[in-house]
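K.L.:
These are the residues of each chain, in order.
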Amino acid sequence: AQRVTQPEKLLSVFKGAPVELKCNYSYSGSPELFWYVQYSRQRLQLLLRHISRESIKGFTADLNKGETSFHLKKPFAQEEDSAMYYCAIRSYGNNRLAFGKGNQVVVIP
Amino acid sequence: DAGVIQSPRHEVTEMGQEVTLRCKPISGHNSLFWYRQTMMRGLELLIYFNNNVPIDDSGMPEDRFSAKMPNASFSTLKIQPSEPRDSAVYFCASSLDSYSGPSSYEQYFGPGTRLTVT
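Sequence lines, in order, name chains V and A. FYI, in the working numbering the residues of the first sequence are 43 to 151. FYI, in the working numbering the residues of the second sequence are -3 to 114.
Please note that the accuracy of each hint is not assured.
Stated by the list, open to error - Going by beta-carbon spacing under 8 Å, a handful of chain A positions derived as facing chain V: (1) Leu41; (2) Asp52; (3) Phe70.
Said to hold, decoys possible - What follows is a set of in silico ranges between Cβ atoms, one per label pair, in the way DEER data are often shown: (4) V:Gly71 / A:Asp93: 10 to 20 Å; (5) V:Gly100 / A:Met36: 24 to 34 Å; (6) V:Val148 / A:Pro66: 39 to 49 Å; (7) A:Pro57 / V:Pro117: 37 to 47 Å; (8) A:Thr34 / V:Gly100: 28 to 38 Å.
Unchecked claim - Calculated cross-link-like contacts (lysine-lysine; reagent style DSBU-like; alpha-carbon spacing at most 35 Å): (9) V:Lys51 / A:Lys20; (10) A:Lys20 / V:Lys143; (11) V:Lys51 / V:Lys107.
FYI, nobody ran anything at the bench for these hints, they're computed from the structure. From the three backbone atoms N, C-alpha and C, an ideal C-beta is built for every residue, glycine too.
Working from the sequences, and respecting the hints, build out all of it.
P.N.:
Rendered as structure tokens:
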């Protein structure tokens, strides 16, 4: 079964400081990994996916198959980054997503 | 496009009452998902439909929960009878599950229904 672990529930960082959200997964095949974000009073939305290999809003995430990780990083946090972040996994050929429990990020001005 | 539409946005009910949550997926999408979000358990998949057919309902907590999708533009999640531990935010999401570019299979979420059972 596929599983995602996000160890820290709450992360507080100062504006301008780096932020890193950890995500580890367990899956025996070739997974697809995603980060979803939910800003206050907004819908859950896709932030980025590992196959795109792109930077969105300054965030990047690299899939490390050796460490089974997909950590989300941003070098300089902004106040608008305050949100709930979910890591999610999906196996190829299956459209079912399994989410981690989420990280609440608070950026302190 | 208004995106995925859910109603009601908030529901407060007493224990034992029946609760029905509604979802209208994005037009043209062929998969629909119901999730439950709680502080303790995060975001859990309850059930998903493909082409109006339930594919995986293994996440449905118990027989008190049922979901239907009578047509491509409407789905309901019903709890009968409701209990305080059902209090959560319930999300509906939809996706287009056929390869049609980078956004294929991407799930689009509704605003959620916040359910409180007293």
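K.L.:
Against this structure, judge whether each hint is valid.
P.N.:
The hints, checked one at a time:
no., hint, result
1, Leu41, "6 Å, holds"
2, Asp52, "6 Å, holds"
3, Phe70, "19 Å, violated"
4, V:Gly71 / A:Asp93: 10 to 20 Å, "19 Å, holds"
5, V:Gly100 / A:Met36: 24 to 34 Å, "31 Å, holds"
6, V:Val148 / A:Pro66: 39 to 49 Å, "42 Å, holds"
7, A:Pro57 / V:Pro117: 37 to 47 Å, "41 Å, holds"
8, A:Thr34 / V:Gly100: 28 to 38 Å, "30 Å, holds"
9, V:Lys51 / A:Lys20, "31 Å, holds"
10, A:Lys20 / V:Lys143, "26 Å, holds"
11, V:Lys51 / V:Lys107, "23 Å, holds"
Hint violations for this structure: number 3 only, all remaining hints satisfied.
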